[in-house]
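Asker: Take 1 as the starting number for the sequence shown in my numbering and just add one per residue.
It is worth saying that the hints were derived from the structure and are not from the lab.
Every value quoted in this text rests on a predicted model; they were computed, and no experiment measured them.
All clues stand as given, with none of them false.
Simulated crosslink set (BS3-like; lysine-lysine; CA at most 25 Å straight-line): (1) K33 with K73; (2) K44 with K33; (3) K111 with K85; (4) K85 with K33; (5) K85 with K73; (6) K85 with K118; (7) K33 with K118; (8) K258 with K241; (9) K241 with K374.
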Amino acid sequence: MASTIASFANFLKQSRTHAIDNREVLIAGVLYKKPERNSLLWKKRYCVIYANELQIVYFLSLEDFERRTIRGKIPFSSVHAWDGKPNGFQFYTPADHCFRVYTETAADQLKWLEVMQKCIDNAPDRKDGARVDKSTTGEIDFNSFMKWWNDDHAADNQTEAMRRYQAKFKFLKARIANPEVGNIETEAVGAFPSFEFRVNFYHTGINNERQQISPWHDIPLYNPDGTVNFICEIPKWTRKKMEIATGEPFNPIKQDTKNGKLREYGWGEMMFNYGAMPQTWEDPSHVTEGTGCVGDNDPIDVVEIGTKQWRTGSIVQVKILGVLALIDDNETDWKVICINVEDHYAPLINDVADIEAHMPGCITAIHDWLRDYKLPQVNKYGYDDKCMGRDFAEATVAETHEFWKLLIEQRGGQATV
Numbered sequence: 001m002a003s004t005i006a007s008f009a010n011f012l013k014q015s016r017t018h019a020i021d022n023r024e025v026l027i028a029g030v031l032y033k034k035p036e037r038n039s040l041l042w043k044k045r046y047c048v049i050y051a052n053e054l055q056i057v058y059f060l061s062l063e064d065f066e067r068r069t070i071r072g073k074i075p076f077s078s079v080h081a082w083d084g085k086p087n088g089f090q091f092y093t094p095a096d097h098c099f100r101v102y103t104e105t106a107a108d109q110l111k112w113l114e115v116m117q118k119c120i121d122n123a124p125d126r127k128d129g130a131r132v133d134k135s136t137t138g139e140i141d142f143n144s145f146m147k148w149w150n151d152d153h154a155a156d157n158q159t160e161a162m163r164r165y166q167a168k169f170k171f172l173k174a175r176i177a178n179p180e181v182g183n184i185e186t187e188a189v190g191a192f193p194s195f196e197f198r199v200n201f202y203h204t205g206i207n208n209e210r211q212q213i214s215p216w217h218d219i220p221l222y223n224p225d226g227t228v229n230f231i232c233e234i235p236k237w238t239r240k241k242m243e244i245a246t247g248e249p250f251n252p253i254k255q256d257t258k259n260g261k262l263r264e265y266g267w268g269e270m271m272f273n274y275g276a277m278p279q280t281w282e283d284p285s286h287v288t289e290g291t292g293c294v295g296d297n298d299p300i301d302v303v304e305i306g307t308k309q310w311r312t313g314s315i316v317q318v319k320i321l322g323v324l325a326l327i328d329d330n331e332t333d334w335k336v337i338c339i340n341v342e343d344h345y346a347p348l349i350n351d352v353a354d355i356e357a358h359m360p361g362c363i364t365a366i367h368d369w370l371r372d373y374k375l376p377q378v379n380k381y382g383y384d385d386k387c388m389g390r391d392f393a394e395a396t397v398a399e400t401h402e403f404w405k406l407l408i409e410q411r412g413g414q415a416t417v
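Please construct the entire structure, taking both the sequences and the accompanying hints into account.
Answerer: Right, here's the structure in full:
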């Protein structure tokens with residue numbers, strides 16, 4: 001332990017003269033986490049907070065930190081002392097998920113609390129600038145906006161964080177705040193199938209003003225009743241590989257291409273409705289513990305097992321039942337299993353065990369189809385090939401929602417990847 005502390009002390013001495021990866025390290029050290037059932041995260045990790053960032057970046061060890069081998073990131077929005085363990089503290093993510101951790105000494109605990117609270121207090125969109133609501137809908141209260149307009153954005157010596165906030169606000173003021181799903185419609189353009197075919201999304205406001213929106217960024221993930229929204233890309237019993245175009249403005253749905261050709265599944269028609277959840281992102285710099293692989297740089301995927309076939313572009317309220325941790329091309333590619341809340345099976349199915357009881361063989365069929373559809377290449381799964389339950393799946397979705405929030409904070413609300 002003494003050698004590790006001395007090594008890090010020497011490292012910090014060197015870092016005073018230059019930033020690490022052009023970022024200033026505010027605090028670094030080992031944090032411990034009490035094991036929890038279905039925990040997605042670490043039990044012991046080397047953690048770092050960089051200046052102007054509201055997130056903990058964690059590594060397997062000090063050596064991995066020095067090699068910049070990131071294992072994951074956790075955003076935080078509040079921090080408090082916690083007496084469940086000696087030298088403990090707890091912090092909440094923007095989605096109100098609580099993490100309880102502890103340090104080796106009381107001095108370390110106080111330092112982490114101090115640094116994290118200072119980061120929160122100095123965040124421009126929480127203290128010095130307009131306050132953006134926790135669901136990232138784009139709503140900003142009038143008094144905060146006037147303060148930002150009259151004082152902060154006109155400052156001669158703007159910080160880099162304030163410049164990022166200003167760019168974010170320029171998007172937010174033009175953005176639809178949490179558009180009502182019932183007022184969203186789709187419009188297909190171009191011949192189908194073709195390279196030009198697109199399914200665009202539009203929202204009609206109270207003044208009958210029709211505005212194009214992004215299904216990825218503008219449709220809310222969560223509904224007031226606790227359900228989540230699913231955007232259908234590939235209807236069941238079809239095989240053309242349709243997907244949200246994350247690299248295009250407004251992110252329409254298009255047919256995927258490979259080697260200059262339109263893609264479709266050669267393994268056969270999808271036996272389920274397939275698509276994605278809006279306002280989620282599988283971060284390609286985050287390594288999932290149960291797979292050892294980074295995220296696939298896309299919204300999180302959904303397998304909807306209801307009896308109805310949905311058309312491409314349908315927005316469906318679903319409840320989360322479970323999740324498979326597919327490993328595809330050495331990337332974590334979560335497959336969240338859901339069901340339409342209005343399906344006649346929905347009242348009977350609330351978790352993985354219920355699927356097996358009322359749709360015996362369903363999970364095995366999904367598992368095997370996703371494993372084999374690229375034959376002769378065979379996909380693998382993390383977490384011992386198991387379909388994880390509802391609690392685990394809901395935590396996974398919440399985690400990808402937080403990664404999406406970080407993405408738009410860094411790149412703006414029309415982010416493309």
